[in-house]
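Starting from the known structure of chain A, arrange chains B and C on it as the hints suggest.
Chains as they are written, first to last, in our numbering: chain A, 1 to 308; chain B, 1001 to 1308; chain C, 2001 to 2308.
Quick caveat, the hints were computed from the structure, so don't treat them as lab data.
Just so you know, nobody snuck in bad clues.
Pairwise CB distance ranges (calculated):
no.	chain 1	residue 1	chain 2	residue 2	range
1	B	G1045	A	E20	28 to 34 angstroms
2	A	P15	C	A2034	32 to 38 angstroms
3	B	P1003	A	P259	42 to 48 angstroms
4	C	S2204	B	D1213	57 to 63 angstroms
5	A	E240	B	R1016	50 to 56 angstroms
6	A	E20	C	P2154	52 to 58 angstroms
7	B	Q1151	A	A34	41 to 47 angstroms
8	A	A28	B	S1124	19 to 25 angstroms
9	C	E2088	A	A28	52 to 58 angstroms
Here's a subset of chain A near chain B, in silico, CB distances under 8 angstroms, partners left out:
no.	residue
10	C33
11	R38
12	R58
13	G267
14	I269
15	L288
16	G292
17	V295
Nothing here was measured: the structure is a model prediction, and the numbers come from that model.
Where is the CB? At the ideal position from N, CA and C, for every residue including glycine.
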Amino acid sequence: MSPRLRHLTTLENLPRETIERLLDRAEALRDACAHGTRKLDVLAGRTVLNLFFEPSTRTRTSFELAARRLGADVVNFDIGLSSTSKGEELFDTLHTLEAMHLDAIIVRHKQSGTPDELVRHAMSGVSVINAGDGNRAHPTQGLLDALTIRQHRPDLENLRVVICGDIRHSRVARSDINALSALGVKEIRLCGPAELMPDADEVSKGSRHDDFDEAIEGADAVIMLRLQKERMASIELPDEAAYFAHYGLDRRRLARAAPGCLVMHPGPINRGIEIASDVADGAQSRILEQVGNGVFVRMAVLNEVLAR
Amino acid sequence: MSPRLRHLTTLENLPRETIERLLDRAEALRDACAHGTRKLDVLAGRTVLNLFFEPSTRTRTSFELAARRLGADVVNFDIGLSSTSKGEELFDTLHTLEAMHLDAIIVRHKQSGTPDELVRHAMSGVSVINAGDGNRAHPTQGLLDALTIRQHRPDLENLRVVICGDIRHSRVARSDINALSALGVKEIRLCGPAELMPDADEVSKGSRHDDFDEAIEGADAVIMLRLQKERMASIELPDEAAYFAHYGLDRRRLARAAPGCLVMHPGPINRGIEIASDVADGAQSRILEQVGNGVFVRMAVLNEVLAR
Amino acid sequence: MSPRLRHLTTLENLPRETIERLLDRAEALRDACAHGTRKLDVLAGRTVLNLFFEPSTRTRTSFELAARRLGADVVNFDIGLSSTSKGEELFDTLHTLEAMHLDAIIVRHKQSGTPDELVRHAMSGVSVINAGDGNRAHPTQGLLDALTIRQHRPDLENLRVVICGDIRHSRVARSDINALSALGVKEIRLCGPAELMPDADEVSKGSRHDDFDEAIEGADAVIMLRLQKERMASIELPDEAAYFAHYGLDRRRLARAAPGCLVMHPGPINRGIEIASDVADGAQSRILEQVGNGVFVRMAVLNEVLAR
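Here chain A stands alone, though its shape is the one from the complex (with noise of 0.2 angstroms):
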């Protein structure tokens, strides 16, 4: 058995044998769940910490409820979001923090590799687990984007599944990327217009593609990216209503991808932006199932870092 992890801020090498009891064990709380457990008392009397350094409501929530359904703590130490905290100033909240002797840390940083720096620099016990940090990794994200579509699809090693949108700025991108690369996906298309496309030599897996008509062809599963909207004007970008043309999912594109393929979307969306009002409402959009099985996975994760 692949051993137990401490601290979650990548799934980069991470084992497939550990992706998968991740996985697993929020397919037991969700069954659970749907049998009418509403809470388990497993981390009674330990503490977590939300430390969001860029604001984020929801997934700040779906960790909060997590944490409660498992009986544990939770208490939000709420960073003012002008501060840039870092370097010695942000170890100095960590180990402060690490003094009230909490048991885990749940951190979202604008800047790449910090839960990895808070990781090293710890000096107790404390458990990191990264909620997002730059455009690198969004590990809780990329554990049920693959509940969602492992639940659908069992057959990982035959799917076909596409990411479109802005790649380049996107952590939940590279997570994905990396989870379901872990777990054996047959294929993994990347599709984006150039200027959002990741450096080659920074992600390496997928194939890339910047003819979405073309990427979805065939497709079991595409997930569409949020654009930031402020990004729009900086990188020249076409308008709204040109990406929409392009890198939009609407019915007549979706009707190229595999009968039934799933609609994915980390949200909040942006309807008319990057997908289309029809398809994200639509029979085919897995879009609320990802956000609910958020939940679990961050139980799973909690409980996987938490439990003795």
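Using the frame of chain A, we list chains B and C on its own:
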């Protein structure tokens, strides 16, 4: 027996029996608390979320305390208060929260009708409780005001109640009128300057007065409304001193009411604008009892919509 | 036995016996925690509210953790931090919170004396705990500093303690002086530039020094205070480098103290301004122990004022 409520968005059209059931339950909870009961576990394992698009620390705290005292978990979902979340964006937020398996959403929004829109768009069994929408409804305030009056003057069918101030913009006034008329209060008198009175076709119950001395004559309870100071300039109201002279509650005016007339206010009060300090703090003031009843009423409502 | 405290607003005039009882209890809690006790239920069903008019994530979190580890519920009442709530408005807030049946209010306010005003105006049995008021008192900081010193140097009547920095504006210094003199510490030395020393009639205990090299000679503990950077311009302080040269704690200076002299700081530290990094992180630093003791001291205080 009137059917159990699944949501509470307004008191309009609620049967008297339902309102009385909620008040009776609140009263039973108040009695239990007076005898030392601090916490129940009837909602253990349930999760309640505060979704406040308008800031209101008092009301949010009251709901939070109510939920916790029933054993529920409470999550505060901090919407950026500048956000004007509406339409699709609002419903996407709703669906995201539903997907996290919440049991109740307590919502405050500046747009009238938002809670009902959430009910209409809800896809799961989540309960929606209105904590105030626009100028339309604040049902738990209406219930707590009715409870406070009933406690001191159980013979409601003989009572004269005055509501004075900015009725036009007041959701409190509307919910009070609904509660009190459903309970058979003899007479409701609405009093305020013409520009702060609601249109007659929108608020049809109650007699209308612009002379407060006349309106308060023989009253058994007087509910003073908070004047939004920022409104005084925009709609050419007289200045604060002139407003107080005409529509403020002072000792002289209170003496015109029936002996022991209850003095009420939803808070926070503007001393010297709508109410004199010595009246607000005087023997007839029920303002703090209202606050206490607020917690019990909210416990009763949460119990109503969430208990199995 | 000295009577049980119902409030804790200052350490001034507290009998030595009371302070020792609180420190002993904090120590017992620390021992229990070291042996694996994570959570008690002595305050189950009680509700504690954080009322912070000045932002302080660290102190608020410490109190929140302390209350939860005793089984209490905690509510954060988020006062708009621009609000200068005072006078009637402040007392109305107090009475509103009391009406919601809270057990304790933990208050921080920039105005000295506010916690005592709350005690005077409280109408119910609510306990008030001061989490820092103006430059007057920060009693739990005074207790945690005393606990940290006592733990390493139980022979208090033989100790020399230096407090260095902006004593004039420091509530920490005042509460430290109160705690340490009540416990019979042999010598308290206050050190800082003249413009940052308090008036002699206001702070009468302790010897006064403007030469840090002289003040630290033979000291058993040195408590460095945080310099408010924004203050340096306004009262014509030397720049940061000059301040550090005169009043910063570095290795050379620490060598003048007694062997094993405890290095303390209430945090957050300004590295290179009041303390050198290698000293803050060195073997003699007790800064993180102070943070840990903070939680235990706050548990002891909450237990003192709330236990039946």
